[in-house]
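Undergrad: Protein sequences, first through last, are from chains Z and G.
According to my numbering, the first sequence is numbered sequentially starting from 1.
According to my numbering, the second sequence is numbered sequentially starting from 1001.
Please keep in mind that the hints were generated in silico from the structure rather than gathered at the bench.
Among the clues, some could well be false.
[Unchecked claim] Here are the computed lysine-lysine pairs in the DSBU-like style, where the Cα-Cα straight-line distance is at most 35 angstroms:
#	chain 1	residue 1	chain 2	residue 2
1	G	K1096	Z	K66
2	Z	K248	G	K1096
3	Z	K248	Z	K66
4	Z	K213	Z	K168
5	G	K1049	Z	K319
6	G	K1049	Z	K234
7	Z	K234	Z	K273
8	Z	K204	Z	K168
9	Z	K83	Z	K104
10	Z	K83	G	K1096
11	Z	K62	G	K1049
12	Z	K168	Z	K115
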Amino acid sequence: MRIWTVALVLCLALAGMHCRQGTPTANDQSAEQSQPKERPTLNVFIWSDYVDPALVQAFEEKHFCKVNLNFFESNEQLLAKIKAGGAAYDVLYPSGYAVQTLVKEDLLLPLDHAKIPNLANVDRTYSNLIADPAMKFSVPYMVSTTGIGYLAELGDLEPSWAVLGDPKLKGRVTLLNDIREVIGVALKLHGYSLNTTDEAELAKARDTAIAWKRNAARFDSTQYHYGLAGGEFKLVQGYSGDVLQSQKENPEIRFMLPKEGFPLTCDEMAIAKTSRHPDLAHAWINYFHDGGVAARNTMFIKYLCPNTASYEQLPAEVKNNPAVFPPAEALARAEIVRDVGADLAAYTKVWDEIKAAQ
Amino acid sequence: MKQERWPGLIFAGVLLFFYVPMVVVVANSFNASRFGTRWQGFTFDWYAKLFADRGIWDAFVNTLIVGGAASLAAVVLGTLSALCLHRARGFLLRFKFGLVYLPLAVPDILMGISLLLMFVMVRVELGFTTIILAHGCFCTSYVAMVVLARLQDFDFSTMEAARDLGASPVQAGLRVLFPQLAPGIFSGALLAFSLSVDDYVITFFVAGPGATTLPLRVYSMIKHGAPPLINALSTLILAATFLLVGLALRFRNKEHTP
């Protein structure tokens, strides 16, 4: 009968948890709550590890609220969740084209600039690049670039996307597993816009990308920098933040922004139309564009918060690192990946052809 | 001789395939390297960071709550529906069998989307409730199938004998039927719990703010997160699992050797 004792104990344990379940947040709150008044809860939908938790805590204290961080790992996930409705998120962190989709579907709350005085700190160089330069619906949060990470043993490389096809590196190269990034840099190599919808230009990019694919080990957007740090790959198409992280592990890693131009990604902050605490959500956006907060956040995440007031507070090694801070002459070559609307079908077709090519 | 060697080789191969990845995870949880591509010294850092990470533990507790509640609901509903399916006959019951069986065959993504659409339609706010309902829903089918299998071995004439000897229907159910079914119910419950703890796809669709489960949390850490934290957490979960399985085996052995 011993097994019954075990079963009984398990059942009791489950029942105990079941009771807890009725007040999932009340438990968390009772520990922190010193005042009897109910704290409002701000629901934030954000990429994982994309904000310094100490800053979140400071915000909770400053605005007497509880912040609930919820995570997604692709723009498509975010869109699926928000489009379906039913979930009361307040602040969202879509990037680039996802913002445009949300705006088109009327899912974002227009921002009240009077409640976000720190918008004055936003670096115009970047806000002018995004689809919504007037920041009617969204505010830039972090920017990163797509460039080339490589091992120092390769020596001085020609700063060009053409190195992805270098036959000497056959099997030691990776490409991002992302339709717009791969086709985008192939377009850039030929001097075209990475948001082009011209079929001849796309066809040329496709041929280049197929040649790169034959030279590469694989398409990889998540683990490639581990492989670079470990020496499995010698050269990768990668995001600046990832490559920077792997530099900590392996100081022999270099990063460069090719001369033909490169994609710039900007993750933005926006407020969902369904937000229950729009004032608090505005306060959240305002808080993260305070110079001091932005500087701390940049240091923590290793991407760049485009906030001019924060720049002077960043240490020199960050300011002089082109992977964090692209120099002005490089920025002139940056282009943001935009929503191409119905023409995405043309991209998908090209992407399928690239993926299918032997 | 040849025949004797092959099973052993296959067995060794399967064991390797099962357990080498676990060994790698455990080893890397002590690796100072963030990426686990090289050995950079032994460290407990990841465990310290893991215990300090409020988000992961919140998600862990959420997962246990959801798993516990969903398997509890699934055990009750699944057992009842198995009893009903086993005893009754007729067209409607075959139809019901189909309905109970279907969630096992329907792809997760379809189930996730349809549940989400339904919740949105009836205006249930997404959160704990919706996850527990969704998990309870697919777990019920699994429990029903496991209990049904057990029922097939059950001789209902023993119930009749109990009634003949003066037991009330409730007494016969509790003292004859239930003890026979219990192992099935118990393993159904365990199955339901582990399915619920594992589930990503359905949970993703029906989760709402504040109800992040562990699989959702882990998956979202791929882009910016720290993989070694996951290694450390996996090691702890593995240790707990082995401990539980070991205990269960010991109890069972004792029971068999009085």
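Undergrad: Compare the structure with each hint and give your call.
TA: Structure-based check of each hint:
Taking the CA atoms of K1096/G and K66/Z, the gap is about 46 angstroms. The hint is violated against a cut of 35 angstroms. For the suggested pair K248/Z and K1096/G, the alpha carbons sit about 59 angstroms apart, so the restraint of at most 35 angstroms is broken. A C-alpha spacing of about 34 angstroms is found between K248/Z and K66/Z, which places the hinted pair at or below 35 angstroms, so the restraint holds. Only pairs whose Cα atoms come within 35 angstroms are accepted, and K213/Z paired with K168/Z is accepted, the gap being roughly 14 angstroms.
Of the supplied pair hints, the one linking K1049/G and K319/Z holds, its CA atoms being roughly 28 angstroms apart against a limit of 35 angstroms. For the given pair, K1049/G sits about 31 angstroms from K234/Z by alpha-carbon distance, which is consistent with the 35 angstroms threshold. A hinted pair counts as satisfied when its Cα atoms are at most 35 angstroms apart, and K234/Z with K273/Z does not qualify at roughly 46 angstroms. With a C-alpha separation of about 23 angstroms, the suggested pair K204/Z and K168/Z falls inside the 35 angstroms cut-off, and the hint holds.
Using a Cα cut-off of 35 angstroms, the hinted pair K83/Z and K104/Z holds, with the two alpha carbons roughly 11 angstroms apart. Between the alpha carbons of K83/Z and K1096/G the distance comes to roughly 34 angstroms, so the proposed pair stays at or under 35 angstroms and holds. A hinted pair counts as satisfied when its Cα atoms are at most 35 angstroms apart, and K62/Z with K1049/G qualifies at roughly 26 angstroms. Distance check on the hinted pair: K168/Z and K115/Z sit about 56 angstroms apart at the alpha-carbon level, beyond 35 angstroms; violated.
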